[in-house]
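Student: Residue strings, one per chain:
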Amino acid sequence: MASISIARIRAPRAWSAERGVRTGLLLALPAVALIAAFLIVPLVKLVSIALGDPHGFGNLHDFFANSANTRVIRTTFVDSAIVGVISVLVGSVVAWCLRTTRSPVMKGLLWSAILLPFLMGTVTKLYSLTVLLETHGLVNKVLTGIGLRSAPLDLLYNQFAVVFGMTYQMLPYAVLPLLAGFASIDTNLVQAAEGLGASRLRALANTVVPLSAPSLVASFTVVYIISVGFFLTPVLLGGATAPFTSSLIAQDIFEFYNVTSAAVSALVLLAGSLLVIGVTYLLVGRERLARAVVS
Amino acid sequence: MSIQRTVPERAISGVEMVIKVAVILFMLVPAALVVVLSFSAEKNVAFPPTHWGFKQYSDLFGSSYWMSSVGTSFVIALPAALVAVAVGVPAVIALERTRLPGKPVLRILGIAPLILPGVAYAVALYTFYVDAGLVGTRLGVILADSMLSLPFVFLVVSASLKRISADLELVAMSLGATRLRATFGITLRLLAPAIAAATILAFVTAFDEAVLVNFVGGGQVITLPKAIYDSVRTGLQPLITAIATLLMLFTGLLMFGATRWRKGSAD
Amino acid sequence: MVLGRAALSPLGPAKAGVGMGNRPTSARKTMFKRISALVLSGAIVAMAAACGSGSSAGGSTEAGTTITVSTWGGVWTDAEKKYFGDPFTKETGIKVNYQVSGNSPMAPALLQAQSGKVSTDVVFAENAQVLLAKNLLAKFPPSLMDALKKQARSDAFTDYQVKIGTTATIIACNPAVMKKCPKTPQEFWDVKNFPGPRAIVNQSYTAILFALEADGVAPADVYPEDIDRGIKKLEEIKPYVKVFPSSGAEQQQVLIDKEVGAAIMWNGRAFVVKRDNIPDLQMSWEGSTRSDADGMVVMKDAPHRDAAFKYIQWVVDHPKNQAKWSGALTYPTPTKQLLDLLPKNVADALPTAHKETLPEDDKWIEEHTTDLQQAWQKFLAG
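Residue numbers (our numbering), protein chains in the order written: chain A, 1 to 295; chain F, 1 to 267; chain U, 1 to 382.
Bear in mind the hints are in silico, worked out from the structure with no lab data behind them. Computed from a prediction, not measured in an experiment: that's the story for all the values here. Any given hint could be a false lead.
Calculated cross-link-like contacts (lysine-lysine; reagent style BS3-like; alpha-carbon spacing at most 30 Å) [what the hints assert, rightly or not]: (1) Lys-55/F - Lys-179/U; (2) Lys-43/F - Lys-258/U; (3) Lys-141/A - Lys-162/F; (4) Lys-55/F - Lys-81/U; (5) Lys-320/U - Lys-55/F; (6) Lys-141/A - Lys-20/F; (7) Lys-258/U - Lys-141/A; (8) Lys-274/U - Lys-238/U; (9) Lys-43/F - Lys-274/U; (10) Lys-141/A - Lys-43/F; (11) Lys-141/A - Lys-192/U; (12) Lys-150/U - Lys-139/U; (13) Lys-355/U - Lys-43/F; (14) Lys-274/U - Lys-141/A; (15) Lys-117/U - Lys-55/F; (16) Lys-20/F - Lys-107/A; (17) Lys-238/U - Lys-141/A; (18) Lys-43/F - Lys-139/U; (19) Lys-141/A - Lys-180/U; (20) Lys-179/U - Lys-43/F; (21) Lys-43/F - Lys-82/U; (22) Lys-95/U - Lys-310/U; (23) Lys-150/U - Lys-43/F; (24) Lys-179/U - Lys-141/A; (25) Lys-320/U - Lys-310/U.
Could you put together the complete structure from these sequences and hints?
Tutor: Okay, here's the thing in C-alpha cells:
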C-alpha cells in the first residue's frame, strides 16, 4: 500500500489505499455492536450467573465437591483428549496418504470419505450412527451374522458410542489442517532419508514428524476444543447414563430448571478450553494455531 | 532408486492400507446406509429392508410438522446469513483497508464462536436471552445463528480481500473516479464471488445448526435439525432417512456452488 | 460451526475444482445478478415472516388467538389434538399450539417463569403442587368452577387444576425378549431368575419408590421416601438397565425395537404398545404407583388466560370426547359419565380401577425436589 509522498502534503490521505480511522470505525461498528451484544455480554452474564446466587464463588466449590460433577468433567476432558489423539493419528495417516498417493482412485475415495460427512448436518450424522450402532442395527447384524458374537453388543447409549460419534465427526476436522501442514513438507525428504539407509518408518519419524509436530499439536487442540463443547453427540448417543458435561447441562436446564448449575458447568468447560488454547499457543505459536483453526 | 522392502516395512504399508480402507468405510458407510434406507418402505429402520419404495419421501412431504420445520429453517437461516454478511463484510473491509485501531482484538472476537466450546456458548447466550426476553423467539434464533456464521464470513471474505490489490482503487481514482465509485466498482465487484461464497457458507451453517436453536429456541422455534433432534431422542423415525438424503443433496449442491465461487475469486 | 471448514481449506476439494474462467463472463454476471436478486427477495420475505409471526395480541378470546399448551407429546398429544384441540379450534376459532416436552411439561413453564416471560398458557402438569408452591397458577373463574361441579367427579378437580390423565407406572414385559416375565418390583430386581435388558422410567421419585418396594419396604411405609436407600437399590440394577427413557414415546420405542424386554413405564404407553405393536405384552400392576396430581393448569401470567380457560371449559363440557381420549390411552378424564361411556376393557385398564396402586405423595415430592434432582443426577451420571 504505497502512498505518494508529494500528494501527502496537500491531501494527507486522499491518495493512500488505506482509509482513515473514522471510516474504519463506521464500517466495523455493526460487527462490533453485534459481537458486543451477542458474544461479550452473554459471556459476562454466564460468569455472573455461575458466580452469583446462591453462593457466589462458593458455587464452584459446591460444583467440585459433588463427586458426580468431577467424574463427569474428568470424563469429558479425558475422552475429548482420546478423540483428539485418535483423530490426529488416523488423520495424519490419511493426510499423508492424500499428500503422497499417486492413484487417483485412492485420492478420490479418501477425499469423498473426508468431505461427505460435511454434507450431513450434525443431527443427520448422529441419526445415521444411531441406526448403525443400535442393538439390531447394521454393526450388530454383521457381527452376529458372521458369527463373531452370539449376542448383540451394547454399542449405543454409553461412553463408547459418544467417543465413536465424536471421532466420526472430528476426523475430517483433523485431516484438513494436517493436510495444510504437510503441504509445506517436501516429500523428497523421506526418499532422501531412505536413500541414506533408514527404514521407511525411521525416515518418516525423523523427517516428517518433527517438521509437522506443530501442525499435529495445533490440530489436536482444535479437535479437543470442539469435542469438549459437543452437545448433540453426548446427548443423543450417550443417553441418560453417559457422563458428559453437556448431558448434565441439558439436564440442569431442561429437566431441573437449574440455570446456575448449568452455568457453572459451562464456565468450567470454557476455562478448560482457554487453558488448552493458551498452552498450545505457547507451544506452537500463533501462526500455526490460526492456520489450524482456519482450515 | 529401488529400495528393498523388508518385512517390517511391508507390515507398515499393510497397516497403512488397512487404515485407509477402514477410514473410507468408516466415513462413508453411515451416509450410504441412510441413503439406502431412505428407499425402504418399512415402518422402522431395520436393515436390510425387505420392502422398497418411496414411502419415506411421501410420508415426509405429506407431513405438515416436518414441512413446517423445513420452512422455519429457511426463515431462520436466510436472514441469519444475510445479517452475518451485512455485518461481516464492512468489518472485513475495515480490518484490511482502514486504519482501524484494535484490529487484532476484532479479528479474534470475530473468530471466537469457532473456538469456544459450543455448549458453553449456548448456555451463555441462553442466560443473556432470558434477560433480553429473546428466548423462544425467531429473531433470537436468527441473531444467534448469525453469530455462528460470522467467523466464516470473516475468514472467506478476508482471504479474498487480501488477494485484491489495494492499489486498484488508486488506479481508478487516478482515472477520475470518486473514492466511493472506486470501492464499489472495483473492490466490491472483485470481492463479489467471495461474498457469495460466504453467504452460502453462512446459510448452510445456520441451516444445519441444532445446538443454539435447542437452547435459545425455547422449544417453540422448531427448525429441521431441531425436529430431527427431538425425533432421535424419542425413537428412530424412518422418514428421517429421506430428510437426511435430501439434506445431503441440498447441502452438496450449495457447497459445490460455494467452492466454485471461491475458486473464481481466488484466482 | 460445520461444513464451512471444508470449503475454507486452501487445498480445497480438488474434485470440486472444476476449472472455470477467472473473469466473470457476461453470462455468469447475469446469472449472478439473478441469483442475488432471488436471495434478497427471499430474505426479505423470510424476515417478514419471522418478525410477523409469534404470539398474537394477548388476553382476547377472539377467534384467531393461539393458546400454547405444554403437553407430553407422542400418542398423548395425538389424542389430545384429535379429540380436544381440533374440535375446539373448529368451534371457537382459537388455535392450539402444542409445545411438546416429553419428560416434563412443567419444566418449560418453570423455566419461563424463572426468566420472567411466560409464553405457555395451559400446562399438563405432572405435579401441580410444584407450580402451586411457587405461586404460578391461575385460579379458575366461577363459570369454570360451576361447570366442573356439575359435570366432573368431585375428586377430579380443584380450584386450580382439572385432573386429566392420572398416570400409573407399572411393569411391562415382552415375553419374546424375556424368558421369564417379572411381575413385582422384587422380581424386576431379580436379574438372575428374570434375566434380560430393562428400562426404567426417567423419573426419580417413581424409580426410587419401585426400588424401595423391591428392597422390601411395604407400600404403606414408602413415604417419606428414603432416597439413599432407594438409590442404593437402584445401583444394584443399573448395569442391567439399558435405557432410562426421556419421554413417553421413548418408553414405547425401546420396547418395540426390542432394545429392552421389561420396563417400568407409564401404563397408558404400555397399553398403546400392547394394542398396536406387541399384543403379547404383559402388564403387571403389582407394586404400581399412581400420580394424582396430573392434570391441566393455567399459568397465572399466561398471555391468553381467558382463551386458556375456554379450552379447559370446552373439555369439561364434552364428556364424549373425554371418553374417546381415555379410550385411546387408558388414562381417566374427569367427567362423571366416564365409566358409562367407556368400553369395559378400557375401564378396567384405568389406574383408578386398580386398588393395589399406590398413590404418590405429591406434596412430599414437591418439598424434596432439590434433593431428588441431585440424587438422581448423581445416580445417572456416576
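Student: For each hint given before, does the structure comply? Return the numbers of the non-compliant ones in rising order.
Tutor: Violated: hints 1, 3, 5, 13, 15, 18, 23.
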